[in-house]
Amino acid sequence: MKFFLVSLSILILSGFMVLSLGHFKKLCHGIFLVSLTAASSLVLISSFFALRTSFQGDFLLPWSVPLGQFRMGLDPLSAFFLITIACVVLAAGFYGCGYLRGHGEKKNIGVHYFFYLFLTLSLFLVVAARNAVLFLAAWELMTVFAYFLITYSDEKKSVRQAGYLYLTANHCGVFCLLAMFMMMGNFAGSMDFNQMAAAHYTPTFLAVFFILGLMGFGVKAGFFPIHIWLPHAHPAAPSHISAVLSGVVLKMGIYGILRMISMIDVPQWGGPLVLFIGAVSGVLGVLYALGQHEIKKLLAYHSIENIGIIALGIGMGLIGKAYHNNLISIIGYAGALLHVFNHAVFKGLLFLSAGSVIRSTGTGELDQMGGLLKSLPWTGHLFLVGSLSIAGFPLLNGFISEWMIYRSFLEGMIHFGKTGIILSVLSMISLTLIGGLAAVCFAKAFGVVFLGKARSHHEAPVKENSWVMRGPMVILAAICLWVGLSPKTLLLFSLKGVSVMTATDAGQMEMILQPILFVVKTLFLFLSILCLLALFKRLLFRCVPPRYQETWGCGYTLPSPRMQYTASSFADPVLRFFKSLVFFKEYGKSCTDYFPKEVSLLSKVVDGPEHFIFRPLLSILRKFSGKLLKLQSGYIPQYLLYILLAVVALLLWKFPWSS
Amino acid sequence: MIDAIPVLLRFAIGLLFPPFLLGIIAKTKAFFAGRKGPRLLQVCYDILKLTRKGSVYSPTTTWIFRVAPLVFVAAMFVSTLLMPFGALKAPIQFYGDVLLFVGLFALTRFLMVLAALDTGSSFEGMGASREAAFSCLSEIALFLNLTVLVILSKNFSLSTLLGGYTRSSWINAGPSLILVVISFFMILLVENARIPIDDPDTHLELTMIHEVMILDHSGPDLAFILYGACLKLFVLGSFLASLLLPFRFHDDWINAAVFLGAMIGLAVVIGIVESSMARLRLNRVQSFITVAIVLASFALIIVLSRTL
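Chains as they are written, first to last, in this note's numbering: chain A, 1 to 659; chain B, 1 to 308.
Possibly wrong hints are sitting among the right ones.
Just the calculated beta-carbon pair ranges, DEER-fashion [as the list claims (entries may be wrong)]:
#, chain 1, residue 1, chain 2, residue 2, range
1, A, Thr363, B, Gly261, 38 to 46 Å
2, A, Ser590, B, Phe32, 19 to 27 Å
3, B, Trp63, A, Lys604, 28 to 36 Å
4, A, Glu586, B, Thr202, 26 to 34 Å
5, A, Leu513, B, Met277, 42 to 50 Å
6, B, Trp63, A, Gly588, 34 to 42 Å
FYI, nobody ran anything at the bench for these hints, they're computed from the structure. All C-beta atoms, glycine included, are put in the ideal place defined by N, C-alpha and C.
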């Protein structure tokens, strides 16, 4: 806890320092990196300590806010999230230094760093807060600081719009949270989390809290259909900010949900509801991602998908509790928690490498790239590691957490009653579908961007970026591999984190750990067989060395790179199959004549909720508020008249005749 | 070292038998066409011949193109280690190996798709796109079938789902297991690119999927892919055979013989299907896989209504 407090004060101090020293660029970079490293490593140390000893640190400060106490604590759940935050923030911060160098010449870099450091501070505070007022304050700070980071390139209109959308959506979410915490505080008689957890609520109110919490935290997390800010904000933000947004800021929604679960008894239907939300977010998120042609937008939709996977784990945890099966509950929650960490790492990696691609080529359009693995070998291979992780393939971390979540479903099929079995089966089917579609989507993303031939000619040769940008990506990729091949440490941590929601004991931990260690052993066997085969092939090549020849053009004598399969054509068969789920539009004509003239075809996937729910809703709202606008004439005597009318109304209301 | 003989026996079967399966299928097809057909060992000769030739690589390709065939063979080999051969036990078995099995399949598919995109040829891109689309559907059918078995056997290790343990399941839930067998057979045809989904014998048709993807592979790489394909057919076939053999003998040699007999029978059935059917039109393939999914769902519904 001491370390944690020191790190908070470092962040505050250095934040103001970079703000005031914004014009000395070198100094600014230095202070930023040193303080970020110091703060993150202190937080890492304190959270490792908290996870090792299950020590529940508590810190109380006098605070003059009504109902509020400046109470902070570090339990294993907070510690797990702190580790996640520290890893991503540190990597993205270093990357950001390289990313902005030369890019933001005209901008005051100090301001950006100030917001970055304070976003980190508010993230730490959100996770450590033990009082609803402090929590909401930190939550709001997080939203606002993230807004300033997203709108870095605020000279572009699209960026400003995305920022507004982000702010509006998240404030709608905060209303739900405010209502929830106020009602809970009213019941408990205090805004402290531990007193809220101890209070007794009526079932109706529990249901209301749960729904409000899901909505409020769900907006931040990006549950379908309230995800609409996500695909706009991620592409608008600079890449390292997208990594932080997707890796950490979204996860605060998940943290909030888990914290809420640990405080109140979730109603019986809560588990199925969360499972349903998870399945819908997952499947539709990945389907929308398949239809995207812009790399960061594609990744943004994948965040929705992964939040869906996490929600599936949480849902299984809740159902396990409803069925009084502690083991399944633990496996579900632990899978979800581990996926939180894994997603933060591999999505951070993917966004950073996508940013590197965009920096090098100057575009984010998939169909204008191609063959970049040769000119950007580091970025390309790191992106491959990220793709393999996110699609949940063995050897990498995504597989481990998805394995846990799958296992919770399979356990559910064995131990639950009829409804539970049906729920587990349906969730498993959706997770399978998500996994399959994610594999297709990343085959598309990686294949189109990095493999084959370049689809368009760049004026300048594409060059790899500086080491400041590559280093953090390498570290994130290393974490992906480490968790994939030696998952024990983090699994233990996630199991510790689960202990906040449900009690775990050593025997159960062993039961959960054992099979996954076997998985890893078998994977090592797989790797050694692979090495043997590679040696064998090398031996064969020693006898007859390979030759090199252009790819066969299928009899066509003038093949051009433009003839390669594009992102849209690759995803077309799948999207056609799921036409009823995604809004898939095609513009243009197909060839009909024997000697076709110029033809163009454009396919596009439209975000359903945005276009068919929220936009019409907003236009109705705008029409209505347009009529209200007449009240606000800007004519001062009219305003004075309003005041007079209000006073008269009050007088009438309070007039003695009413009593 | 008590179990040395069955393990060695398994290794012998798992390493040497797979290429025969393709030979048997070819012989069956030849029999129905009234031809003599290639030798039983033809696939082995092909593989050996290919290993002695040098590969030709396109300068467009990267290491992914070269590594994918190796990963394919390695993953299929590990899958044979997880799979019981009828009553012959699997050497590696643990709680949840089903998920690793499926994960390895997915990994190979992903890398093969990438390898196809790596060539930069529009033709191979087409094959890759189709393969990706169909496999993501057939995975659902596979998982549904596994679900039925998990619910029946209350365990999720491949060795307890299948093998000699299925007798009580056959007694309890025969009808749904029959549906599972049919559905799994359909998946097997899809995954191994057999008729009616795909024709492994032709190379230049617009309706082709798997063969298009490996068009630019040559020499040892093609040999690896061919051997990997044999292993894949063998692994999925032994899934089916182990499901259909609900009994075990005390002697491992008899167990092995029964298993081999079942596999040969399966190959003959595939041969008969291939010689009696034409390839489906491409847009019908999705319906074919959907039928497999629907059959598996029916099996699941029956199991749920019976056992609960």
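Range hint compliance [Cβ, A/Glu586 to B/Thr202, 26 to 34 Å]: This hint holds: roughly 31 Å between Cβ atoms.
Pairwise beta carbon distance, B/Trp63 to A/Lys604, judged against the given window 28 to 36 Å: About 35 Å separates the Cβ atoms of B/Trp63 and A/Lys604, which means 28 to 36 Å holds.
Would you say the C-beta atoms of B/Trp63 and A/Gly588 sit inside 34 to 42 Å of each other? holds (38 Å)
Starting from the hint 38 to 46 Å, judge whether the C-beta atoms of A/Thr363 and B/Gly261 obey it. violated (60 Å)
Satisfaction of the hinted span 19 to 27 Å by the C-beta atoms belonging to A/Ser590 and B/Phe32: Because 40 Å falls outside the window, the suggested range is violated.
Distance restraint hint 42 to 50 Å, applied to the beta-carbon atoms of A/Leu513 and B/Met277: holds (48 Å)
When the structure is compared with the earlier hints, violations turn up for hints 1 and 2 and for no others.
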